[in-house]
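Chains as they are written, first to last, in the working numbering: chain A, 17 to 285; chain B, 4 to 357.
Worth flagging that the hints you see were computed from the coordinates, not collected in a lab.
Possibly wrong hints are sitting among the right ones.
The calculated lysine-lysine pairs, modelled on DSBU-like cross-linking and capped at a C-alpha distance of 30 Å, are [said to hold, decoys possible]:
1. B:Lys-87 <-> A:Lys-171
2. A:Lys-248 <-> B:Lys-32
3. B:Lys-235 <-> A:Lys-166
4. B:Lys-39 <-> A:Lys-248
5. A:Lys-275 <-> B:Lys-235
Predicted model, so just to flag it, every value in this text is computed and none were measured.
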Amino acid sequence: MSETPSYLGVPITRPKVAFFDFTACEGCQLQILNNEATLVDFLSLIEVVAFREAMTESSDDYDIALVEGSVTRADEVERLKTIRKNAKVLVALGSCACFGGVNQLKNRFDDQEWVKKEVYGDHPIETQRAQPLHEIVDVDMKIYGCPIKKEEVEKIVTNLVLGKSVKHPKYPVCMECKANDNICLYDLGEACLGPVTRAGCDAWCPGSRFGCWGCRGPADEANMDEMVNIMKERGFSYETMLDRLECFGGFAEFTSKLKDQMEQDKENG
Amino acid sequence: MIFKILAKQEMPKLFQVMSANRIIGPVEKGADRNGKTIYAFEPVSQFEKLRLDYTTTSRPAKSYFLPSKETLCTFKVTPQGWDKYVDFNIHEPHIFFGLHACDINALNKLDKVLMNTKYPTPYYTAKRKNMFIVGIECMPQPFCFCKSMGTDTADNGFDMFLTDLGDKYMVEIESARAYNFLENVETSDPTEKEHEEYIACIAEKNRNFCIDVDTTDLTKILDMEFHSDVWKQWGDKCLSCGTCASVCPSCYCYGVEETVNLDLQSAVKTKQLYSCNLLDFAEVAGGHNFRPESGTRLKYRYYHKHRGFVEEFEESLCVGCGRCDESCLADIRVPEVIKSVRTGKREKTESGES
Ligand code: SF4
Ligand code: SF4
Ligand code: SF4
Ligand code: SF4
Ligand code: SF4
């Protein structure tokens with residue numbers, strides 16, 4: 017492609033990178049192609065050997081696998097295991113790969129046959145529970161978001177190439193929301209998962225006066241009990257909380273507990 | 004100090020004279036779910052947009068002199084080595100038109116740490132030195148407790164200060180620059196009657212405080228109650244979200260990050276305001292976290308504001324503006340926390356949380 021890049025005069029080995037998609041909307045991959053201004057620089061840092069959305073040829077010889085999507089079929093399980101074998105570093109790209117994403121909403125229904133019929137009608141497809149990658153293989157790194165933020169991917173890839181550590185914000189979205197001088201959604205009478213959701217999106221949704229739905233999953237310290245208190249006090253129902261918390265799958269560990277709490281509360285009237 | 008009387012009808016003219024500079028002042032930003040106006044400090048170009056009768060702003064004016072994010076410098080690799088570009092990010096003077104006493108006092112406190120020290124922060128100092136402040140008297144709001152913190156009046160740190168006397172203002176002039184601006188409008192010397200009106204206005208303000216925080220011997224009590232159970236109790240509620248520090252006019256903690264750009268030939272050094280309530284505030288290289296529990300972090304927030312700073316400067320780092328109390332979703336409020344440390348137990352807040 018271009019000449020060998022160098023950093024402070026030292027030549028850099030361009031890692032071979034492959035992009036893969038499982039069950040997802042391909043929005044995350046599209047994000048990467050989206051920013052034309054930096055695409056050339058991005059592509060000169062790495063050697064892309066497989067990227068279905070952007071090129072036709074592909075190779076099994078790669079260092080970094082960026083995997084988008086959740087796993088919903090038996091053949092996908094096998095494909096993912098092969099990718100794991102080939103890749104030195106396997107990165108889960110986006111909420112579907114990290115948590116199951118919007119796809120895992122179907123796991124809410126006990127009757128999976130009914131779900132299939134609703135979605136595919138008389139042409140059923142062999143599918144199973146939607147699973148995040150880490151339930152099947154070891155995942156070395158997660159890039160959060162639905163969709164991911166291109167700037168974040170660029171920063172992470174730059175750090176990978178330079179051998180620097182990769183860090184995500186540990187704090188919740190509120191921090192970025194306040195930095196942007198937004199009016200708090202709770203002041204406007206709306207719900208928001210910003211206080212418990214990992215930052216990194218620059219408070220994308222609250223910036224458009226739209227409460228956070230938790231697409232980046234929980235922050236390193238997420239005070240779920242207090243979040244529930246806050247929403248309850250402001251008159252939001254358990255159903256509203258669950259709709260949000262279950263939307264992307266990041267809060268799965270907590271939502272089952274919340275459902276029990278809901279049942280208990282209902283029994284006690 | 005010089006006092007003058009300025010008729011309100013002269014204000015648009017004064018604003019006009021000043022508007023050769025960038026004016027920042029309180030404007031309406033929206034309304035909350037109960038229809039209450041939300042105010043913010045924003046650049047203003049028309050006098051009519053300025054709401055000098057504002058209650059309080061949900062965010063302080065801090066973003067203009069301590070921005071949440073600031074580029075400290077950029078680097079570029081050259082054939083000879085590398086170049087560094089530094090910019091203090093102030094390209095014109097700022098006039099702050101309508102700061103309340105608490106916010107002026109907060110600036111004075113920031114000055115002590117960031118400007119009047121052995122190692123001044125040039126990014127702050129450059130902005131602070133290019134600042135003209137018009138203060139304005141206010142009426143206490145439900146969350147205000149500046150009186151308890153001794154910050155309900157500003158003795159310095161401004162250029163002029165306005166007190167509303169109906170159809171006119173009592174103007175306190177602190178700087179020659181303010182005097183020069185006022186020469187462009189009509190003013191008069193205050194009469195004995197106007198002195199009385201001024202005193203009555205201040206007395207009325209004093210009557211309107213509804214929160215009182217007992218700070219007697221607070222540094223000592225905080226020391227004694229280092230192991231109090233209340234810290235854990237408040238910590239259990241705390242979201243570790245950093246909202247309190249973000250909305251605080253006197254919090255200044257930050258982190259610095261260097262990012263190599265995609266082209267590998269340039270880099271940028273960025274400063275980001277941080278909060279001592281955030282999980283990794285006390286995390287050091289190697290990954291050890293000195294304050295992993297939210298209760299410990301919350302405690303140190305209070306120790307910095309009401310103990311450490313007091314021991315150093317004989318005043319608290321809190322000006323009692325009430326912004327953190329109003330915006331903390333978990334209802335963690337300074338007056339209640341301090342009271343709980345004194346009494347050893349956490350009482351229920353009025354919103355009746357569990
Ligand atoms: S709008 Fe959401 S993210 Fe923003 S401060 Fe409020 S709760 Fe936090
Ligand atoms: S605000 Fe919440 S839902 Fe929106 S992008 Fe950020 S993390 Fe995702
Ligand atoms: S005290 Fe309140 S505003 Fe501050 S970090 Fe805790 S929950 Fe957030
Ligand atoms: S701690 Fe709270 S009340 Fe005190 S100055 Fe900061 S925001 Fe205002
Ligand atoms: S230590 Fe905490 S309270 Fe003190 S200035 Fe920093 S953020 Fe504010």
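Against the structure, the hints come out as follows:
For the hint linking B:Lys-87 to A:Lys-171, the alpha-carbon distance of about 21 Å falls within 30 Å, and the restraint holds. As the CA atoms of A:Lys-248 and B:Lys-32 are separated by approximately 27 Å, the hinted pair is consistent with the 30 Å bound. The suggested pairing of B:Lys-235 with A:Lys-166 is violated, with an alpha-carbon distance near 39 Å, which exceeds 30 Å. The suggested pairing of B:Lys-39 with A:Lys-248 holds, with an alpha-carbon distance near 22 Å, which does not exceed 30 Å.
Among the hinted pairs, A:Lys-275 with B:Lys-235 is consistent with the structure: their alpha-carbon atoms are about 27 Å apart, no more than 30 Å.
The earlier numbered hint that this structure contradicts is number 3, and it is the only one.
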